[in-house]
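K.L.:
So you can see what is in the structure, the chains are spelled out below.
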Amino acid sequence: MSAAWLLLPLYLLPLVSHSEVLLTILIFTYILGILAIGFNIVFGYAGQLTMFHGAAFGIGGYATFLMLSKFGISFWLAMLPMFAVILLLSMMVGWVCFKFRLREFYFAVVTLAFAELIRLVVLNWNDVTNGTLGLLVLDKPTIWWPGRGVVKIDGTVPWYLLTLTALCAVTIVSQLIVRSWIGRNFAAIRLNEELAQTLGINTFRYKMLAFTLSNLFAALAGALFGFYSNYIEPAQLSITQSLDAIAMVLLGGMGSILGPVVGAFLLTGLPHVIEFSAELRAATYGAILILVILLMPRGVVGLFLRWRHVS
Amino acid sequence: MTQVILGQVLNGIIVGTLYGIIALGVTLTFGITGIVNFALGQFMMIGAYAAWHLTDVAHLPYPLSVALAVLIAGLAGFLSDRALFQFTRNNLVNGLLVSIGLISVIESAALLLYTATPKNMDFVLSGSWTLGAITISRMKVVTFAVLLAVIALTWLALANTWLGRATRAYAQNPEAAMLMGVKTEMLQVGVSVYSCALAGIGGALYAGIYSLEPSMGALFILKGVEAAILAGVGNLAGALVGGIILGITESIGALFLPTAFRDAYGLVFLVAILLFRPSGLFGGQK
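Top to bottom, those sequences are chains A and B.
Per numbering that gives the first Met the number 0, residue 0 is the first one in the first sequence, and the count goes up by one each step.
Per numbering that gives the first Met the number 0, residue 0 is the first one in the second sequence, and the count goes up by one each step.
One thing to keep in mind: the hints can contain errors.
Coverage of chain A stretches by chain B, computed from C-beta distances (three or more under 8 Å per stretch; other residues unrestricted) [as the list claims (entries may be wrong)]:
id : stretch
1  : 101–113
2  : 240–250
3  : 284–290
Derived lysine to any residue pairs resembling SDA-like cross-links, with alpha carbons at most 20 Å apart [said to hold, decoys possible]:
id : chain 1 : residue 1 : chain 2 : residue 2
4  : A       : K98       : B       : T116
5  : A       : K98       : B       : A271
6  : A       : K98       : B       : V188
Calculated from the structure, these hints are not laboratory results.
Ideal Cβ positions, reconstructed from N, Cα and C, are used throughout, including at glycine.
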């Protein structure tokens with residue numbers, strides 16, 4: 000449980016710091032951290048290079064909001080049919096990819112193709128999704144608070160606590176999975192799929208599980224993102240969204256549960272620390288990505304762990 | 000209606016050869032260095048902007064600008080290989096991510112240098128030919144012919160020269176090729192640079208027909224990869240055919256089905272091919 004304990008002190012931060020900027024950066028870090036943790040499970044642990052998590056992230060936002068506004072149900076209730084949609088889509092895409100034994104590059108290309116198809120549908124289904132203009136989200140999640148009844152979660156500090164709680168929950172769930180026999184089967188598939196199969200591991204089932212889990216986490220992150228930023232647009236399910244999450248995981252380090260969160264913090268926070276024009280920001284982002292891959296193959300967390308090991 | 004369809008097929012073929020030249024680069028790089036260089040689209044953009052700059056700003060004759068643009072794209076390819084891709088040989092995932100980083104860097108550089116405003120080159124070759132009821136601009140025909148010649152020459156060189164045979168041998172069995180005296184490092188650098196130069200010539204010719212913007216590369220690399228997979232990765236003549244098939248699929252699809260989903264038709268086709276013929280349309284056993 001060590002990783003989740005590391006997050007606990009962060010609950011005290013709003014008492015110490017009242018900086019809106021810091022808390023906002025951390026809210027986005029937690030949300031995108033959930034997306035990155037999901038990608039880390041399917042890629043870092045099970046070794047499948049998916050490009051579908053960006054689409055799942057976007058659908059998470061769209062589906063939750065559409066269920067909420069069409070049926071008049073609460074945010075929490077609307078997440079259930081949304082998760083069902085994601086589950087169904089992941090099963091379909093996963094079934095196609097894994098049944099036909101697509102690997103590495105081919106798996107990446109086919110998941111990318113499905114993600115693009117979904118983005119095109121969202122972009123052109125104007126009656127429901129409002130096309131390129133996107134949707135304005137005016138609702139907020141609610142919570143029952145002792146003594147005050149049902150209140151809306153609005154403002155920076157409540158959102159900080161909500162997203163941190165979601166991140167903790169995701170961390171605990173992924174840690175339980177990764178440390179169990181499921182995680183060991185993931186590792187076996189990553190290291191040598193033929194051997195894993197020979198040893199009696201149902202590789203189809205475990206790859207499917209990793210893929211679905213990653214998409215469910217991505218969808219949770221997408222729903223939180225849409226409701227926090229009050230806005231949902233087709234760009235949220237673009238390739239760039241997928242690539243950003245991949246960059247976070249690599250920057251933070253693939254081998255650990257919280258590495259992706261560190262990566263998310265660095266990539267969300269850095270543009271705020273250094274005042275750059277948009278063009279230079281993209282260039283810095285690219286340069287960081289290149290340098291990390293070539294110089295720090297195990298990410299920031301990997302570097303830290305090695306340094307601690309040596310000293 | 001027949002004329003419209005025929006016109007669309009012709010357009011599809013011409014755009015398809017542009018996809019094909021990128022697909023050729025993708026296939027060659029993958030066969031020899033073991034990675035997919037997703038930044039090839041950006042090298043195409045470099046070629047396109049170089050040709051535009053040399054013709055419209057420096058007022059050089061267009062054919063000379065094209066030649067220089069190819070050199071510039073090749074040089075950029077050489078630099079990227081020495082600085083980055085020599086460290087990601089045969090590492091597909093790292094190569095993918097490094098090329099994605101490179102895309103951001105090159106695109107931002109282009110945005111800073113030339114801004115996001117689309118650039119239109121003055122007509123280098125105006126007018127069009129009419130064939131029955133179909134009109135097609137001369138520049139498009141010339142582009143098609145040049146690209147076809149480049150692809151055909153590449154294919155001939157691979158089939159008939161020592162270097163070409165060495166390249167194919169290396170793609171088939173690296174160890175055996177090395178034992179036969181093929182210099183691995185030089186071959187890998189050479190193929191890397193050649194792929195970028197191919198993308199450069201595609202871009203330089205593209206500049207003569209369409210308007211340019213820094214983000215143009217993303218579309219072409221996706222189509223190039225699609226075309227390469229359609230044909231079966233490693234299949235050189237197939238890359239061209241794959242590109243043309245993709246181009247025709249899109250233009251005919253856009254004619255009968257909603258235009259908004261233009262990019263989707265190729266993707267659906269691609270997924271179907273990958274599932275039912277994993278080694279591509281023209282691939283044999285893998």
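K.L.:
Does each hint hold? Answer for all of them.
P.N.:
Status of the hints after comparison with the structure:
no., hint, in the structure
1, 101–113, "holds (count 9)"
2, 240–250, "holds (count 4)"
3, 284–290, "holds (count 6)"
4, A/K98 - B/T116, "violated, 46 Å"
5, A/K98 - B/A271, "holds, 13 Å"
6, A/K98 - B/V188, "violated, 37 Å"
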